[in-house]
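Undergrad: In the order they appear, the protein sequences are chains Z and U. Quick note, the first sequence lines up with residues 1 to 111 if you use this note's numbering. Quick note, the second sequence lines up with residues 1 to 116 if you use this note's numbering.
FYI, nobody ran anything at the bench for these hints, they're computed from the structure. Do not take every clue at face value.
As the list claims (entries may be wrong) - Below, in silico cross-link-like pairs of lysine-lysine (DSSO-like), each with a Cα-Cα straight-line distance of 27 angstroms or less:
no., chain 1, residue 1, chain 2, residue 2
1, Z, K42, Z, K98
2, Z, K68, U, K55
3, Z, K5, Z, K57
4, U, K41, Z, K71
5, U, K64, U, K41
6, Z, K57, Z, K68
7, Z, K98, U, K14
8, Z, K42, Z, K68
9, U, K14, Z, K42
10, Z, K98, U, K66
11, Z, K57, U, K104
12, U, K104, U, K14
13, Z, K98, U, K104
14, Z, K42, Z, K15
15, Z, K5, U, K55
16, U, K41, Z, K42
17, Z, K68, U, K104
18, U, K64, Z, K68
19, U, K55, Z, K57
20, U, K20, Z, K98
21, Z, K71, U, K104
22, Z, K57, U, K66
23, U, K104, Z, K5
24, U, K41, Z, K15
25, Z, K15, Z, K68
26, U, K104, Z, K58
27, U, K55, U, K66
28, U, K20, Z, K42
29, Z, K15, U, K64
30, U, K41, U, K66
Unchecked claim - A few chain Z residues facing chain U, derived, Cβ under 8 angstroms:
no., residue
31, K5
32, S7
33, F30
34, F39
35, K98
36, L99
37, G104
Think of the CB as a built atom: it goes at the ideal place given N, C-alpha and C, for glycine as much as any other residue.
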Amino acid sequence: QQQVKQSPQSLIVQKGGIPIINCAYENTAFDYFPWYQQFPGKGPALLIAIRPDVSEKKEGRFTISFNKSAKQFSLHIMDSQPGDSATYFCAASNNTDKLIFGTGTRLQVFP
Amino acid sequence: GAVVSQHPSRVICKSGTSVKIECRSLDFQATTMFWYRQFPKQSLMLMATSNEGSKATYEQGVEKDKFLINHASLTLSTLTVTSAHPEDSSFYICSASVRTGVLKQYFGPGTRLTVT
Numbered sequence: 001q002q003q004v005k006q007s008p009q010s011l012i013v014q015k016g017g018i019p020i021i022n023c024a025y026e027n028t029a030f031d032y033f034p035w036y037q038q039f040p041g042k043g044p045a046l047l048i049a050i051r052p053d054v055s056e057k058k059e060g061r062f063t064i065s066f067n068k069s070a071k072q073f074s075l076h077i078m079d080s081q082p083g084d085s086a087t088y089f090c091a092a093s094n095n096t097d098k099l100i101f102g103t104g105t106r107l108q109v110f111p
Numbered sequence: 001g002a003v004v005s006q007h008p009s010r011v012i013c014k015s016g017t018s019v020k021i022e023c024r025s026l027d028f029q030a031t032t033m034f035w036y037r038q039f040p041k042q043s044l045m046l047m048a049t050s051n052e053g054s055k056a057t058y059e060q061g062v063e064k065d066k067f068l069i070n071h072a073s074l075t076l077s078t079l080t081v082t083s084a085h086p087e088d089s090s091f092y093i094c095s096a097s098v099r100t101g102v103l104k105q106y107f108g109p110g111t112r113l114t115v116t
């Protein structure tokens, strides 16, 4: 019940495309859903996060869509660029403060 | 803001020796610090949670005597890998958290440990 399932495992898009990464969870006590971006050999960087009281959050080219009833949330990257090529992790947490990470999605954006 | 540093970024050590990794929150005081381990092309695996001035809480399957964590202050936590073996070779990442409504975790750049 503590798992966060993430798909796809890898994704290849052309520049300008809109990659979508999906995550699903079971634990209804989760109340914070961040997305992290990680480049090879670096630590993850917080990209954007959402709480369950809103259905969508947008920051720059990154948008989170949240479906509370389906227990799913997704990351959309608008006008993707080669510099967006990285591994993306979704995560979830509740008041225990621990983050439960998804398995990661390796995104490649070709020029 | 919310910068976390780790030192060293890379370390190579011989089997049987101990290695210390430092994690510092540079521009904020961290409520809690976390230590993760990441294998190639895999997700982050939480090893332990540490609060300043108290003993760390280890995840199931993580040997507390092998991975010693000291949380000396609100800005510094250290992970010591004792009697290192080649199977301890991995990418170790710390995070520091601050509560602003929710508890946000900010990650360090990671430490690549290679045990020969």
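Undergrad: With reference to the structure, classify each hint as holding or not holding.
TA: Hints, verified against the model:
no.: 1; hint: K42/Z - K98/Z; in the structure: holds (21 angstroms)
no.: 2; hint: K68/Z - K55/U; in the structure: violated (36 angstroms)
no.: 3; hint: K5/Z - K57/Z; in the structure: holds (21 angstroms)
no.: 4; hint: K41/U - K71/Z; in the structure: holds (26 angstroms)
no.: 5; hint: K64/U - K41/U; in the structure: holds (25 angstroms)
no.: 6; hint: K57/Z - K68/Z; in the structure: holds (14 angstroms)
no.: 7; hint: K98/Z - K14/U; in the structure: violated (33 angstroms)
no.: 8; hint: K42/Z - K68/Z; in the structure: violated (32 angstroms)
no.: 9; hint: K14/U - K42/Z; in the structure: holds (24 angstroms)
no.: 10; hint: K98/Z - K66/U; in the structure: holds (22 angstroms)
no.: 11; hint: K57/Z - K104/U; in the structure: holds (17 angstroms)
no.: 12; hint: K104/U - K14/U; in the structure: violated (36 angstroms)
no.: 13; hint: K98/Z - K104/U; in the structure: holds (10 angstroms)
no.: 14; hint: K42/Z - K15/Z; in the structure: holds (23 angstroms)
no.: 15; hint: K5/Z - K55/U; in the structure: violated (31 angstroms)
no.: 16; hint: K41/U - K42/Z; in the structure: holds (13 angstroms)
no.: 17; hint: K68/Z - K104/U; in the structure: holds (21 angstroms)
no.: 18; hint: K64/U - K68/Z; in the structure: violated (38 angstroms)
no.: 19; hint: K55/U - K57/Z; in the structure: violated (37 angstroms)
no.: 20; hint: K20/U - K98/Z; in the structure: holds (24 angstroms)
no.: 21; hint: K71/Z - K104/U; in the structure: holds (21 angstroms)
no.: 22; hint: K57/Z - K66/U; in the structure: violated (42 angstroms)
no.: 23; hint: K104/U - K5/Z; in the structure: holds (21 angstroms)
no.: 24; hint: K41/U - K15/Z; in the structure: holds (24 angstroms)
no.: 25; hint: K15/Z - K68/Z; in the structure: violated (31 angstroms)
no.: 26; hint: K104/U - K58/Z; in the structure: holds (18 angstroms)
no.: 27; hint: K55/U - K66/U; in the structure: holds (15 angstroms)
no.: 28; hint: K20/U - K42/Z; in the structure: holds (19 angstroms)
no.: 29; hint: K15/Z - K64/U; in the structure: violated (46 angstroms)
no.: 30; hint: K41/U - K66/U; in the structure: holds (24 angstroms)
no.: 31; hint: K5; in the structure: violated (12 angstroms)
no.: 32; hint: S7; in the structure: violated (13 angstroms)
no.: 33; hint: F30; in the structure: violated (11 angstroms)
no.: 34; hint: F39; in the structure: violated (10 angstroms)
no.: 35; hint: K98; in the structure: holds (6 angstroms)
no.: 36; hint: L99; in the structure: holds (6 angstroms)
no.: 37; hint: G104; in the structure: holds (5 angstroms)
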